[in-house]
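Enquirer: Protein chains in written order, with UniProt numbering: chain A, 1 to 526; chain B, 1 to 195.
FYI, nobody ran anything at the bench for these hints, they're computed from the structure. These numbers come from a predicted model, not from an experiment. Among the hints, a few may not be true.
[Said to hold, decoys possible] Computed beta-carbon distance windows for the label pairs:
no.: 1; chain 1: B; residue 1: Q12; chain 2: A; residue 2: A134; range: 21 to 29 Å
no.: 2; chain 1: B; residue 1: A116; chain 2: A; residue 2: L52; range: 46 to 54 Å
no.: 3; chain 1: A; residue 1: N135; chain 2: B; residue 2: T26; range: 29 to 37 Å
[Said to hold, decoys possible] Computed cross-link-like contacts, DSSO-like style, restricted to lysine-lysine with a CA-CA straight-line distance of at most 30 Å:
no.: 4; chain 1: B; residue 1: K16; chain 2: A; residue 2: K181
no.: 5; chain 1: B; residue 1: K28; chain 2: A; residue 2: K196
no.: 6; chain 1: B; residue 1: K94; chain 2: A; residue 2: K102
Positions of the beta carbon are idealized from the N, C-alpha and C atoms, including for glycine.
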Amino acid sequence: MGDCTNSDDDSVYHDYDSGDDEDQYVELQRLEYDTFISKDPVITVITKESLLAAQREDLSNVMEVLSLKEHHARTLLIHYCWDVDKLLAILVEKGKDELYRKAGVTSVEHDNPASSKLSSMVSCNVCIEEVPAANVTTMDCGHYFCNDCWTEHFIVKINEGQSRRITCMEYQCDAICDEEKVRTLVNARDPNLAEKFDRFLLESYIEDSRKVKWCPSVPHCGNAIRIEDDVVCEVQCTCGVQFCFNCLSETHSPCPCFMWALWVKKCQDDSETLNYISFHTKHCPKCHKLVEKNGGCNLVNCICGQPFCWLCGEATGRTHTYAFIEGHSCGRFKEETKEKNERAKKDLFRHIHYHNRYKAHMDSLKLEMKLQTSLEGKILALEERDSTNREFDWLTKGLFRLSRSRKILAYSYAFAFYMFGEENFNRNLSAEEKLIKLNLFENQQQQLEANVEVLSSFLEEPFDTYPSHKLMLVKIKILDLSRTVDNICKKLYECIENDLLSSLLKASGIASYKSTGVNKALELAC
Amino acid sequence: MIDFARVQKELQECSKDIEKSGIKVTPKSDSSLSRLIGTIPGPVGTPYEGGIFQIDISLPDGYPFEPPKMQFTTKVWHPNISSQSGAICLDVLKDQWSPALTLKTALLSVQALLSAPQPDDPQDAVVAQQYLKHYQTFVGTARYWTESFAKSSSLGVEEKVQKLVEMGFPEASVRSTLESVGGDENLALEKLCSG
């Protein structure tokens, strides 16, 4: 059992006799980890405090390129969902005017009628009153109304949830009102609402941008996560929650998001129970309770006393022979019902098969979480015994590899259930092609499974009591197995990404494999 | 709170050029300005020509920062107006509303809607289908509805009686029914048929 990795031809490390080699090996591995870390895309956690700073880069970028004021830049960015590339593409393709017009930005200088006749009275077209020019506000589009009317307008819009796009009051004027003027006017009437307005504006960065999402933690940690490139990835918030950035559920690679959603639903709702009931029970024709046959012949007696035929569910008389039930005959063959039952039975057994394996690995994972404490105890004992050897990194890394692969293994069963099932997510694969792909996949899955189990058994060995040469052997085994398991995981992902997902009707990707685990979000450097 | 000072001014403004526009807005009762009745003449050159259409107006608390609610009380055959309820499908009364608009301008928009139906964005699917597929039938129906519902005193009492008697109802009951519904021949017909 323990030999299964040494027989693996992929393994380059067969000779561990010399201690120098061993050190090099560890060193090599560490180097590999380091390069993985440096290659990780930048994932940032945005807190309530750093929200403004997070937008700053995009804002100043746009302000600089277009030489705009900040509120105009924000209006533009909100309209184009904080997609600076798209914004610049429109600028190049359609020009500045079109870019501004669509977003409701006017940067033309207008004569301010309010200031030009500062001493006089001005007529407000909304309340139809003559008001002192000092009580009138003119927006960038040149339309002016009295402050009271503006304030009312803003309050109605903010309460309607339209803080991000408050347009001018003039009919068919799509210009967005200057946020500073909105803030000042609303603040004078209702400071709380002004604060709300500010928050809505700031949070547009999270709600509208494709690359920023709220952390799905419950209760909510208040953080948002920003990614730099592909939205199909897995991240870890500073609050510790790991999630799939694309669908916001728990991490589930190598199972694609849509399959995972189906799997969760299938496991949660009662569809399987219903399936069981429809296959294993029948309604009594008299009292309509569900009856399960627990043995005997096809004449079934309900607890209400009504006898009925198990084959067709019709009420019958009480006496029967081997071939005949009194007052009843249902020998006619009903193809349809039979097929339906067969299908339900097959589906149910398939799901049970995959679900059992999924669950077994999830349960093992939970148990191995406990292994952490026992491992720490063993490390302490070893350190006491031999104070010169304090290098036990290989143990924690081995445990990390184990739990990481366990998860992958579990999710791979959810994936397999849908990938090779009857649901027909496949693009006209012939039965033969499907079988080849299934074999390819299961081959890797089983390899992974075998190695994970061995790794698990080694980590549970009482090596703190072993003499040092035997301990060294365990160390080599664990290092070797960790590496093998890592490699198989990588290959399993490759197999899924290259050979399997491409044959799906629905374009779907998975978060690519990372030896170091889920990407951790970093605090925004302000 | 509704800006009643503004509503008051709007009413005055509207009554000034009633001769020119033909658009009238009056409060439903003397006590409140939040429920009003608007009247628009059917546009010339349309099946609605010659009709006088009544519109029920109710002002929300946020008026003029929220749009007024308008509904036809006169029955109209039009793709964007419900033939059942009189509900109007018009952008100006929804997201295109601007506080700088008034009841009069809104009613003008409704009047413009009568001249330019938008069957691709229908309120009444049956009417819209007819408009698109059998335009002549649509024009006929719309004109008939205008004649029947939007013209208050098109016929004298004797003519109405004669018309209904010709339909086969006894003269005595025609007279009493007409009287009971205030001279509206259509209501009278409905009542006679049902009972």
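Enquirer: Taking the numbered hints from earlier one at a time, note which ones the structure violates and give those numbers from smallest to largest.
Expert: 4, 5
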